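Q: Spelled out, the chains give:
4 protein chains.
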Amino acid sequence: MIRFNCDYSEGAHPRILERLTQTNLEQSAGYGNDPYCRQAAEVIKTLCRCPRAEVHFLTGGTQTNLTVLAACSRPYQSIISAVSGHINVHEAGAIEATGHRIESLPEQYGKITASQISHFCKAHWEDDNPEFAPQPRTVYLSFPTEYGTLYSLQELQDIRHACDENHLFLFIDGARLGYGLTAPGNDVTLADIAALADVFYIGGTKIGALFGEAVVICNPKLQKDFRYFMKQKGGILAKGRLLGLQFLTLFEDNLYFEISKHANQMAERIKIACQHEGFAFLYESPTNQQFPILPNELLSQLEEIYAFAHIKRVDKTHTAIRICTSWATRPEDVDQLVADLHKFRRN
Amino acid sequence: MIRFNCDYSEGAHPRILERLTQTNLEQSAGYGNDPYCRQAAEVIKTLCRCPRAEVHFLTGGTQTNLTVLAACSRPYQSIISAVSGHINVHEAGAIEATGHRIESLPEQYGKITASQISHFCKAHWEDDNPEFAPQPRTVYLSFPTEYGTLYSLQELQDIRHACDENHLFLFIDGARLGYGLTAPGNDVTLADIAALADVFYIGGTKIGALFGEAVVICNPKLQKDFRYFMKQKGGILAKGRLLGLQFLTLFEDNLYFEISKHANQMAERIKIACQHEGFAFLYESPTNQQFPILPNELLSQLEEIYAFAHIKRVDKTHTAIRICTSWATRPEDVDQLVADLHKFRRN
Amino acid sequence: MIRFNCDYSEGAHPRILERLTQTNLEQSAGYGNDPYCRQAAEVIKTLCRCPRAEVHFLTGGTQTNLTVLAACSRPYQSIISAVSGHINVHEAGAIEATGHRIESLPEQYGKITASQISHFCKAHWEDDNPEFAPQPRTVYLSFPTEYGTLYSLQELQDIRHACDENHLFLFIDGARLGYGLTAPGNDVTLADIAALADVFYIGGTKIGALFGEAVVICNPKLQKDFRYFMKQKGGILAKGRLLGLQFLTLFEDNLYFEISKHANQMAERIKIACQHEGFAFLYESPTNQQFPILPNELLSQLEEIYAFAHIKRVDKTHTAIRICTSWATRPEDVDQLVADLHKFRRN
Amino acid sequence: MIRFNCDYSEGAHPRILERLTQTNLEQSAGYGNDPYCRQAAEVIKTLCRCPRAEVHFLTGGTQTNLTVLAACSRPYQSIISAVSGHINVHEAGAIEATGHRIESLPEQYGKITASQISHFCKAHWEDDNPEFAPQPRTVYLSFPTEYGTLYSLQELQDIRHACDENHLFLFIDGARLGYGLTAPGNDVTLADIAALADVFYIGGTKIGALFGEAVVICNPKLQKDFRYFMKQKGGILAKGRLLGLQFLTLFEDNLYFEISKHANQMAERIKIACQHEGFAFLYESPTNQQFPILPNELLSQLEEIYAFAHIKRVDKTHTAIRICTSWATRPEDVDQLVADLHKFRRN
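The listed protein sequences derive, respectively, from chains X, P, S and A. Those letters in the first sequence? Residues 1 to 347, per our numbering, in order. Those letters in the second sequence? Residues 348 to 694, per our numbering, in order. Those letters in the third sequence? Residues 695 to 1041, per our numbering, in order. Those letters in the fourth sequence? Residues 1042 to 1388, per our numbering, in order.
If we strip away everything but chain X, and leave its shape as in the complex, we get:
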């Protein structure tokens, strides 16, 4: 079985395992108070052009989202998200379990707009008794979105503006940040993200690490006491060094961006092959996730060889799937998939 169902089927980029092996018996301070974490944080701050930022390392996406959003919110405050946002659909109520309501807005291609945000806040504050609804405090969005789509720089700037006007924090979930930043047509840089967001994270789990997400807290208000949140949520790794070392490796020699680009190129080839075969797509994505709509018959044949994620039945004879590449996707597997798409299609 060749897996295209997600971007975390393999282990880590080999350089990471090498570094872990080389340094394995070194002794270091626990809980992230080690030189690797410090160095990785410095490198990230430099890349983000945000020297005042603080960087912390957590092990996974749900943990990161729930910890960051707890830090953003007083108990009566809510988070604004696209209805398709990861926190709204795939995290088992992790945010609500910290006591906060997610106010979900309709999305277009996985994205929400500045004007939706402003409109929502205006309605809240104009109510006779605003305190009868949670107070909006943070905008959550993903770059790329769950559908592989990207916000343009202009869209993000507009959202930032809406956040400023409405006293909102902006939190950008970058579980697949590298895939977004290196996508064809993207006009947003890492420094832009750092300049626009109050807090965001750089995903490692889906881009080359065994596990790990680097939280970059740009807004000093959110920096205070963040490690209390991390500890309380079970998010401080005893051997924190493992996280520092992985991110240090990923950000040496541009590795993070190189391997991200690779995944996008692999996805692009699959996309073109699908277009060639005349398949429609559920969303137009320039990143490592593609959402072609396939005839069920073809899909059945492919699924004897490949694993995909089913997204939804489009009609009686067609199904939209997600095909996911990653830093680890082998070109020969893509060759084979492209060939099989063509071959099965012809039969």
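It should be emphasised that the hints constitute simulated quantities derived from the structure, not laboratory data. The model shown is predicted, which means the values in this text are computed figures rather than measured ones. All C-beta atoms, glycine included, are put in the ideal place defined by N, C-alpha and C. One thing to keep in mind: the hints can contain errors.
What the hints assert, rightly or not - Simulated crosslink set (DSS-like; lysine-lysine; CA at most 30 Å straight-line):
#1 P/K608 with P/K392
#2 X/K122 with S/K1010
#3 X/K221 with A/K1163
#4 A/K1086 with A/K1302
#5 S/K918 with P/K568
#6 P/K659 with P/K618
#7 S/K918 with P/K469
#8 P/K663 with P/K618
#9 P/K659 with X/K224
#10 X/K224 with A/K1265
#11 A/K1163 with P/K659
#12 P/K568 with S/K915
#13 X/K221 with A/K1262
#14 S/K1006 with A/K1265
#15 X/K122 with S/K1006
#16 P/K571 with S/K915
#17 A/K1357 with P/K469
#18 X/K224 with A/K1163
#19 A/K1384 with A/K1312
#20 A/K1265 with X/K221
#21 X/K316 with S/K816
Unchecked claim - Where chain A lies over chain S, by a calculated footprint (3+ residues, C-beta under 8 Å):
#22 699-705
#23 748-756
#24 779-789
#25 919-929
#26 932-944
Following the hints, position chains P, S and A against chain X.
A: Chains P, S and A only, in chain X's frame:
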């Protein structure tokens, strides 16, 4: 600096890194739904002689404690723990953050007794309005305790009996379980733990793994829907395979117990050396943590070379420290420490 | 200013104040352990034809909803509600603050259907990883709804059936229960409600009491330890007697139903007057809340004399309002409103 | 049965019922947005000599404590309390249910000291990893304490000083505030309380009201968005007017203080009678709660006529009880108790 301050200064047992490297580019299903996790679970169930158990893998101790205790408790229920229990002192209020009160009982050498538990429950239920206090539901204890001490089999059986009489779950925190099971004088087996506890965990982070704790749920009542708790608390690792593989390696060829025994032997040598020098101990521990009381002057000299954890000032001229060995402690480092203890003592 | 903006503008039915005054200096046990609470509970159980029920008294609607739903749910479980449900829009995130997600379904006239519920649950359980979303556990609905509309007996029976098939509790919010039960065309009885719901409450605050809601727990599973929930949420009134006495008074001589019917009749008169004038309604309601759509100009004139609740701007020249009557609405105030509707309309 | 077991056995001071009856059919805005609440707030601010304060009305003590402490705390912050503090022993884990740990300090006569507080905070901040324990943020104390004892002005000033030095809020639970302020020997005024506390409440439930506590928020930092907390915790009463009206009545003509003094005088007479008979006391209390230690035989005889609260068995033949008077205690009941103490003692 040679670190004796904790048991998580190094990476993983080399066999684990080898296995991770060998299997690195294998593709597997995420979230623990992979063959390694399944195999590791089977091995653990066999070792525990508890075929009906369910085994889940989490990444760290605080995460494990808060997830398990959430699963044990309705919102109005409390956890009984020694005042020195890890959840009561070192987890940033993680348990309270899930809504539950910890009822802390006075400890002796880190341990609580069956009769304390029964007495506490009796007082609760005899109150005119029991509902004006949280309802005791779970007993939390550690094996070994925070002070390196061990419950005897009889003590655990008595506690089990008290739990049965008072409708309590028994949760055993085994962050250092291997160090306890292989300690000289210990009369408790892994199968005993599984037979007595409703749920417990086998610590990997402190005994040979990069990270990871294996939760063994013996009581079927606690098995239902446990993965919802894991997910909601951010505790399902995307590449769950990493956890399964580590525990599979640890439980091959008795490795877990061999390396645990090694740590205890290293600690024993330090203990004997301290006794030789006439130092008293804060607690009498047969495991990898030793708590000698050292003259401050000697301590200052040693701390130019070695890292220890300070526990408390005993008097103006003496300080109790914790010396911690681990699976990774090098005999030559212990030799040197023993020699230095003697040497500095003489000066 | 004559208030038609809500149904809690006045104090209590005079008989209640009389009883409070008569018994004021009696001494009684606190926290609801008094004879009045016991008697009121018995009377309610008899009226509900549900001898196995348990009845508890709380002071307000939000408190009742959050306490009952906490009792229905494990931490990873969610509540299904109409998007217009009170808990989803007017309670400041009180439910989420207890850790639970509300899954909101589209409503029609404030109501949801059995098939929506079944469909939602089916989707949950068919997911590859159901534990990545909260587990649906309770259906919340109001009788009457926020829009004054009513479920028919058949609709409620269908929902009960869907709940049974999907292992869901059914919780009926009866803040305005009396207004629903006595509405023209209603075919649901109090005994039906008790037979169909696992738990529901009979609203006192909006129907004749100073304050107070009577929670009727029909399902024994939800009865256990309910007072712990009440106490923990701050919901046990020290002088619980005040609640028992009020409900006892309301359920003597059919008072609760008489005064409910009065409110409906007052509303009916206003409704007919609006129809006469040719106004459309946002919802067709047979109960004490009416939602006519008025020309803005007329509304401005009326609002110099009357208080209404604005619901929404329908178009540039029309606004939908809520007109609310209650047990305390004076016929002469309705006369005047009807006259003014006609008079201002003509100008 | 004559009840001396608590101070909430009766209804309200008759003047309150009169006012409720007089105003019963007045229409007013809901949720505390009415003239009575506004006036009561003004009166209280004037009495407190704290014009910048905000005053809110809640229905009961547990609700007040959990709402105020939620407003004082970020998720990782804890509350310092005497081990005997009401929140620590009699509120079903209500504070922990909002996610916060209570750090309980040993008490002397129900009180804690400034130096205990400072010592605790110092230990927290000197830890190598302070974030491994909850961060102390608020000191909770009661005036009078659970044992009827009082802090002196000097003690409170010292505690305020310790709070300032350690960045702590001071919250004073005044469930029985009137009984404290009017006690013989007390040197603390209402204005002192307002000057020293960041937030406190004036208890109505136990001093003349049907129910109700007036929260006085002196520190502007805690004022912001407090109504969101109230709503989310189910603490905004629909007919808020009931609370405003009660407090307005209590603070007219010094009523609150007159009836408090009455209770203290009644208690004083019982105290003197006990002293006369040679009984020891568990605590020396100048307020409405007395804790004499009675011979079990005498107690049995008394309990055929009077209700008391048992506090603890002192030895085989003696039991400490709580005798509680209130604003409603009848002098003739005290006469009878005093006589019976003497009479039964002689037999």
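Q: Hint by hint, work out which the structure violates, then give me just those numbers in ascending order.
A: Hint check: nothing fails, all pass.
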